[in-house]
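Participant: Protein chains in written order, with my numbering: chain A, 1 to 440; chain S, 1 to 440.
No lab work stands behind these hints: they were computed from the structure.
Accuracy of the hints is not assured; some may be wrong.
Rough simulated footprint, nothing fancy, chain A against chain S, three-plus residues with beta-carbon under 8 Å [unchecked claim]:
#1 134-145
#2 172-178
#3 301-308
Values in this document were obtained by computation on a predicted structure and should not be read as measured data.
No residue lacks a Cβ here, since even glycine has one placed at the ideal position from N, Cα and C.
As a plain string of letters, each chain reads:
Protein chains: 2
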Amino acid sequence: MIKRSKKGIALWNKAKKIIPGGTQLLSKRSELFLPDQWPSYFKKANGCEIVDLDGNKYIDMYSMGIGSCILGYADKDVNKAVKKVIDYGSMSTLNSPEEVELAEFLVKLHPWATKARFARTGGEAMAIAVRIARAHKGREKVAFCGYHGWSDWYLASNLSHERNLDGHLLPGLNPTGVPRGLAGTALPFNYNKIEELEKIVAENSDLGVIVMEPFRYQEPKDSFLQKVREIADKIGAVLIFDEVSSGFRFNVGGVHMLYKVYPDIAVFAKGMSNGFPMSAIIGKEDVMESAQETFISSTYWTERAGPAAAIATIKKMSQKKVQKEMDKTGKYLLKNLERIKSKHNIRMEISGKPALLHFNFEYGEMNRALQTLLTQEMLKEGFLCSAGIYVSFAFKKTYIDKYLKSIDKVFGILRKAIDQNTVNKLLEGPVAQSGFKRLT
Amino acid sequence: MIKRSKKGIALWNKAKKIIPGGTQLLSKRSELFLPDQWPSYFKKANGCEIVDLDGNKYIDMYSMGIGSCILGYADKDVNKAVKKVIDYGSMSTLNSPEEVELAEFLVKLHPWATKARFARTGGEAMAIAVRIARAHKGREKVAFCGYHGWSDWYLASNLSHERNLDGHLLPGLNPTGVPRGLAGTALPFNYNKIEELEKIVAENSDLGVIVMEPFRYQEPKDSFLQKVREIADKIGAVLIFDEVSSGFRFNVGGVHMLYKVYPDIAVFAKGMSNGFPMSAIIGKEDVMESAQETFISSTYWTERAGPAAAIATIKKMSQKKVQKEMDKTGKYLLKNLERIKSKHNIRMEISGKPALLHFNFEYGEMNRALQTLLTQEMLKEGFLCSAGIYVSFAFKKTYIDKYLKSIDKVFGILRKAIDQNTVNKLLEGPVAQSGFKRLT
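Please model the complete structure; the sequences and the hints are all you need to start from.
Facilitator: As structure tokens, this is what we get:
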């Protein structure tokens, strides 16, 4: 049984005083998981094991670095490649040959693309993609579906000329500080609702860019992706697929390759470099050439560790058939989770693809407390858990079986708590806060 | 004598076909230095030595990673700290304790500040700073001086409602693809021209943010920085100092600490982490709390190598009195460069501070060809040279004396070429292209 991480909790309370929000990523705020109880910090991470500041060891059955560490933490092959370029100097006045190698690698994996640019985070890569797309067509309006980061172009969707409507569309994505001149430039549509995109097109003859995550939790229905592609072609808009979360998770490359629907630009980050800052924008010849007509330049985009990590990550994925293995793991998890929830008669919807599972309790107002109780009890069992699982190649069967055994036990606790109406009583701290809502 | 880097030139020509612009940073384009001759890529970099793809060894007397590698390439202490966190796992679902340590470190170095946020590149850190400042005051208009990156907020200054004025203010910073709704939101003023800022203030009652590099090539005259501070206070604007290039170069922290003028927000990148992607936004309590009122969040801002590199870099700078050493080195360089240029009667203005020197030939239309010839002949001598020197702690006296000896020789060549009007004839490739112009 795990003891509460006193050092981690103390450091988190200190961090909130010196770092607004406590951390640089909303999805790493302790209050989203287990307020006043979450271990918050790690000393060491290896495979899917994490050691907190108090020396407690956990199995990460939640996000594996918010989806970034597909091969597992501190993967020895990726680390070796990165440490080599560090020893050789990871930055200089001259360029890194690795970025040319990576560019070639990415366009080979995506034969519809011919050119690549790089950045170091997903958010800035998306901002670059949108800049290039806008420069290409000279049309500013963007229709989008899904989550695409913190940049002005995207948060502009939550601006309204009527101030009291701020924040309505995407709760939690507060656009304060985004210039109001951008109001009306980013127009949302829901996944699998082609009629919403059609409406945007009908009402905005100047639409120039369509941005979407090709997959998130739902499969495309009724040829949704093909229809988006057709609309983009018809109106001459640049189609951008945001593969920051979906890329390299289901296959070696963008998930759009599985759907056989090809964008004009695709953006990768996270999974492509196993935890080292790296992101890529790939695209078709003519669209990408528009990058030359606008100023997009930053010093740290030229360091060497990022491309070296990406090359090593992608090579290992190909060699070890990593995504095939993860799909198998995810299916095994899914089958057993369905079995265990039925056994305890727990109403919880499981959506996604096997390698990216999402959980939703179906108890209305009690959902958040139930989720908090699940996280609390699983933490005691030695697992980091929340409302989903980003499957990793590091999830070996022994870990998963241990996890399933604990889930069985904890679902039993939840069942009893629901029956006896003691969910809130069993919580040893406040109920978890909600994050932002994704437009799905 | 160095031989032309065939492999490097070939790879650069290949890169331009697959990466728009060939590289992610304008200032690393080979055409800015020595078209068709520049080695372009490095295999290895250590101290201030760089080995190109053909095995040629150069001394970098130009930018040391565009100012990022103040301690020198592959600094063993910084590399050791980074490799340690890589071995321990550089990313996980939990947070890195190093970012709290770095936040404490930075506010301790800058007692006017109490809070910090982090990103991984200078450009995105500046975009975050401007977002926070706009959120704080709810006033969108930004007055700025200097160079601040590729983001929409900044390039907006080159937008005009009259399209034919595009690109006028900051030549080379093409704003194509920046939404026109941002026109008029970023208003430029020149360094040491307080009357230009006063005019902006008089004409824009809704000015909310003032952004500037506290130092670039000129020293502030007539209490310029103090006057900017007073104006910001008077109109209640947030003052942001962009210390991406000036930070940690002249002292351990922002150069504003030397001038004793304190902003509301300061931004660091480059020099703070010796070549590893890292950037920081520090600020006063109330201003930084506005970060909580807007959505600023990205996964790769939470990895661990960046803060570990920054902590090790700053510690070493303090322990080894790095900036004092660099000042001494810069002064020695400056004194001898002045002597050598006088000896050969070369008209070249040297501006800046000792640790950041900038050169300008004063031969009108011949300037660019002369600069190209200097770079060409110094390359043969085994030096990377261009229109300035970012001094590094790795510049040991033996390197510098070797450099000065070569400069003496090459200035002799330039003198003869000027006298005989053979500058262009001596060039073995095209004249270097110009980069963007900084508003100074």
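Participant: Establish whether the coverage given for the segment 134-145 of chain S by chain A is satisfied; the threshold is a Cβ-Cβ distance below 8 Å, and no fewer than three residues must meet it.
Facilitator: holds (count 5)
Participant: Is the coverage entry for the segment 301-308 of chain S by chain A consistent with the three-residue Cβ rule at 8 Å?
Facilitator: holds (count 5)
Participant: Are there three or more residues in the segment 172-178 of chain S whose C-beta lies within less than 8 Å of some C-beta in chain A?
Facilitator: That given contact holds, which follows from 7 residues of the segment 172-178 of chain S lying within Cβ reach (below 8 Å) of chain A.
Hint compliance for this structure: no hint is broken.
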